[in-house]
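Please build the complete structure, drawing on both the sequences and the hints.
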Amino acid sequence: MIRIKNLSVAYEDRNSNNMALKDITLELAAGETCAIIGPSGCGKSTLLKVLAGIIKKFEGTVEINGQAVRPQKQKIGFIPQNYGLLPWKTIYENIRLGVKIKNKQASDNRQNQAAMVQLLGLDGLEHRYPGELSGGQQQRVALARAFLLQPDLLLMDEPFSALDAMTREEIQNVFLQVWRKHSVSTILVTHHVEEAVYLGRKIVILSATPGRVSKIIDNPLFGIEGVRNQQDFFRLSIELRKMIKEDWSK
Amino acid sequence: MIRIKNLSVAYEDRNSNNMALKDITLELAAGETCAIIGPSGCGKSTLLKVLAGIIKKFEGTVEINGQAVRPQKQKIGFIPQNYGLLPWKTIYENIRLGVKIKNKQASDNRQNQAAMVQLLGLDGLEHRYPGELSGGQQQRVALARAFLLQPDLLLMDEPFSALDAMTREEIQNVFLQVWRKHSVSTILVTHHVEEAVYLGRKIVILSATPGRVSKIIDNPLFGIEGVRNQQDFFRLSIELRKMIKEDWSK
Amino acid sequence: LTGCTGNKTEDTSPKHSQLQGLTIGLMPDVDSIPFIIAQEKGYFKEEGLTVTLKSFKSAMERDSALQSGNLDGTISDMLAEAFAKAGGFDTVITSLTTGSYKMVVNKNETVASIKDLQGKDVAVSKNTVIEYVTDKIADESGLPANGINKVVIPQIPARLEMLQNGKIAAATLPEPLASVAIKNGGKLVNSSDRLGINPGVLLFTAKAVNGKEQEIHAMYRAYNKAVDYLAKEPLENYIDLVIAKGGFPQDVKGALVLPQYKKAVAPDPKDIDAVMTWLQARQLIKNKYSYSELVDTRFVR
Amino acid sequence: MRKKGPGVWYLYGTVIFFVLWQAAAYWVALPIIPPPAAVMANFIEIFVSQIAVHGFYSLWRILAGVFFAVLIGIPLGLCMGYFSGWDKLFSPLVYLTYPIPKIALLPVVMLVFGLGEMSKILMIFLIIVFQVIVAVRDGVKSIPKETYYPLYSLGAGFPDIVRDILIPASMPKFLTALRVAMATAISVLFFTETFGTQYGMGYFIMDAWLRVNYLEMYSGIVALSSIGLTLFSTIDYLERKLCKWQYQ
Amino acid sequence: MRKKGPGVWYLYGTVIFFVLWQAAAYWVALPIIPPPAAVMANFIEIFVSQIAVHGFYSLWRILAGVFFAVLIGIPLGLCMGYFSGWDKLFSPLVYLTYPIPKIALLPVVMLVFGLGEMSKILMIFLIIVFQVIVAVRDGVKSIPKETYYPLYSLGAGFPDIVRDILIPASMPKFLTALRVAMATAISVLFFTETFGTQYGMGYFIMDAWLRVNYLEMYSGIVALSSIGLTLFSTIDYLERKLCKWQYQ
Ligand SMILES: Nc1ncnc2c1ncn2[C@@H]1O[C@H](COP(=O)(O)OP(=O)(O)OP(=O)(O)O)[C@@H](O)[C@H]1O
Ligand SMILES: Nc1ncnc2c1ncn2[C@@H]1O[C@H](COP(=O)(O)OP(=O)(O)OP(=O)(O)O)[C@@H](O)[C@H]1O
Ligand SMILES: [Mg+2]
Ligand SMILES: [Mg+2]
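Listed in order, the protein sequences are those of chains A, B, C, D and E. Take 772 as the starting number for the first sequence in the numbering used here and just add one per residue. Take 772 as the starting number for the second sequence in the numbering used here and just add one per residue. Take 444 as the starting number for the third sequence in the numbering used here and just add one per residue. Take 4 as the starting number for the fourth sequence in the numbering used here and just add one per residue. Take 4 as the starting number for the fifth sequence in the numbering used here and just add one per residue.
Honestly, the hints are just simulated from the structure, not real lab data. Possibly wrong hints are sitting among the right ones.
Cβ-to-Cβ under 7 Å is the rule here; a few derived chain E residues that face chain D [claimed, not checked]:
{"id": "1", "residue": "P34"}
{"id": "2", "residue": "I106"}
{"id": "3", "residue": "V111"}
Glycine included, each C-beta is placed from N, C-alpha and C at the ideal position.
In structure tokens, the structure reads:
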């Protein structure tokens, strides 16, 4: 259960204060997924950073399961927009990073890791460094790290942006598997309307800088098997796109 | 005029040689645009790096207007997948970088720059450093740099991946303007089938690692005003998607 | 690791077993030779005394070792004693040692007498016994106080090189490097021996003087034996030893003329006074110390 | 980030410094470590009459030495870092000459350059130039290669790369090297300023030491520490100016 | 990148070194720069009988001094770089103590630690620890803050951050510092090894100098250079091992 109330975030500049988020109020039930759509620069990444405990200076309240954000206590899987891989660690170590830090004792999940590597099409790359991978491969490493952690809260910042359409669909399904198995509360930022419709039980539309919640849509199509090829899916996507267009041109 | 013949590229690893591109043969007339689609990790970025003169160790021949690749002679605008901004330069300086290095004398294009900044929605950010921008804003800075340079050859590696749908459309149109005005030969890598159909006169489909040319499609819909809302556009996109699916599942 | 003790094992005969060890600092100069002889010829052992000789390459390191209580006594000079007193350290002179400081002119200079050095560069180290001797030499020949142009070069080998390569007209050097200079063509102008001044002394800390009286007496007996040895034995018989243990240049073999070593005596009050006057005139010390403050005559007179 | 200005912290630092010193003086209870109060009194007493002029000489020699070390060290370090050929050729040379005790060169320097200012500045130069070379070289080597891509694709020449990448990217590392070099230059004054001069903090300290005047010696050390603090905080200031992009 | 092994380049470097030296010897034409051939002959002659044991002593002192400098310098530098409070508190202290000529501390060091090995190692330690502190601190400070995000969001503690970020990220800079520190340690031997010992390259070189035996002095310098070259290439090797990720 995530509860955000009147959240405002400003970046302190050398000479000015620029507001990135203003008065965000949002609730998300435990185990729900939420897709965030917003124009570039509206503060989506900022919002995720607040939830991940990286930005600590904000106004308003942010609670995860009734507590303030404390990554030490909560198990948060965060995929930053630039993937957040450590260049001095091999892919193998990068993927393990989350479990290594979070589950100090339980290190029996080698098998899980191998399976995850397989699912994300990363086999054979384990001993390379991030600098030796293609952009999409790096992104998949970040996804593997987050999925393997089996977090309580999963925060993904444009997690499929560097993937081709087919890989993207496969990995969206991998995500859904993980989500179903562990019912992870998830917030994902995306620029794809279809992706939002496919993966978001809630779809939040933010308005341009400073970001405000413009609309929150309950998505009836979420979780339906094979929904991507149904007419409803197209219709909702088109509708949503129209909505967004209107909203952002204001 | 770009002529690629039997291009093969391998990355030397610590212990193995891994082939990234194999036997690529491709021609592109001067002033033409070409969209490249390929699965993640197939070597699209590698191909662009070869054309940009960054990777110099390859087999086969690569010619730009009949000459080998020599960025000193040719005016190449390259947008790397990670934007290629210099963190110690302000946005203003980063945008100017291309013209500063290429057109040493002609520095009268301040106005152009201001106009470009405006078009890409970057006004007000000129004095920030790249680290102080959102992902999409950074990508737009890279685009501004390349467009402002008015290059002979424009290489764009997933140039709109971090932009929301609306901004993306706007900037695709900015690109078309620039392209029309200066008839820039362009190669762009994309994961969006619609983008490829909208922006590519030729569409090249690469197969998975090591990348080979799988299909080259002449796109009849390129350059038609308002094509995005026509039935033909949808049909071609869907057709293409099917083609890709078949091709990559082989 | 333990100074110039050689490899003699410690004497454990019951008669001498009450004596504590003495640690004495040496410099690579001729004052140290009697100590090296006494050590190597076993005179200290004959007295039942264990002496640890520590050699130092620079006066400051030596002084620091004494001030920090790592040495009981050291070869030093009257100026150092006055400075130590002024600096608040309780040390005393127990006797003179025999040293030699020489002013040498470089071979290309046509200098008949010291007077000809008027206005020329003479290398010294400042505020040290070297400068003191230089002043005395100038004084003696009637040059005014600022008659020569003193150039400060504290590193002795560097001073030697500058002299030999004609970058300076003259230099005041301690033995044995003065002999090297002379051997290589330098001309001796004057020396502390000729002037009859002898600022070299043996210094002990007050703590050692009071706590190791027996030992210091024994040490002087051995020292005097060594002086006897030096008087009767020809130089060839021990020059190799001195070169090896004293840190002397190989070159001095055949060139070095040792001063006449004298049995340990207390310094002449006149000499002490001269040094005090010189120091005070140059405002290097505030108070003039009396003879009895500086010298402890309970060991030798 | 700085609610209290840096000045306050320097004050704290200075106070701690004096407290530690006082404790050491109390514990040792020998003239070897005079108590800070006595030293400060002495410092104030002799500042105008003696220390000021010595300090001035030293400052000029340090700055001149550092200037030349930077003048030679930066271009060489940049080239060694960027061109692997230069690195291969010069590294062994640097590795061989760097550890040579500079005192061994003293006679040669004195002979060739005399006893004047030149020699002293040259000694400082010789001691610190290697630090600058090695640091700048390593700084350039640690630039990730993707950083160069935009410039490569623009066909930028070496001067462009130097100006737009090498210098800004290695600036923080260079400033570290400058800090280390400055401090080294100060702390070797005792041996670069002992010949052919009667001015300079090095001379002053060694002379005081020789005269067993620990009060004056420590006054000299206090003066050196202050020079050091000043130079260091200047570099800190420069860093905040020149590497603004790192400090957001 | 390395068609010819590094060995070949070291050979080139050594040859150039000797050529320059020969040229200097020829030009100066004085015993203070003996020709390399004579020195090498002397070096070979006295290597086993003298230099080996001196070299061994020096090597042990250098390594011990560097070891302690690293032991203290890295944790302190890491903390100062990471926690701005530590930096604010300790920086002024470092800035004040770094420039103190370490020779001025000789009386105190002798007082507390006597004339034995401890004192010499401590002197080396005092000279290089500051370099290590400053370099590690600056290395940590220059880590871009995004690098920490994945660990922050995992709620990683300071030990995790040290192990997974601070150490690997500042490793290249630390190795630079280690290079500089090693070379400094070697080149100050002439003054850390001249008291209370008859072994060590410092002693050997100063002794030869005072004996005006330039041949032996230069043999000693050659020995030091070789020690330096060995240590440096060990660090280069370490760097290629530990910072593999930088060398793709
Ligand atoms: N520096 C490198 N060292 C070794 N292998 C590399 C290196 N860079 C890329 N590769 C490999 O080469 C292949 C092609 O990489 P490239 O970056 O060209 O892919 P891409 O088509 O751009 O993929 P993406 O869509 O994910 O960006 C990949 O399999 C990648 O793992
Ligand atoms: N470090 C910073 N300093 C100052 N301003 C910043 C900083 N980081 C981001 N901003 C500004 O805050 C706003 C929100 O940034 P954020 O990265 O959250 O956008 P976003 O919604 O993720 O955009 P995108 O879709 O382009 O990634 C932007 O206008 C950006 O310019
Ligand atoms: Mg973002
Ligand atoms: Mg790519």
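(request) Tell me, in ascending order, the numbers of any earlier hints that this structure violates. (result) 1
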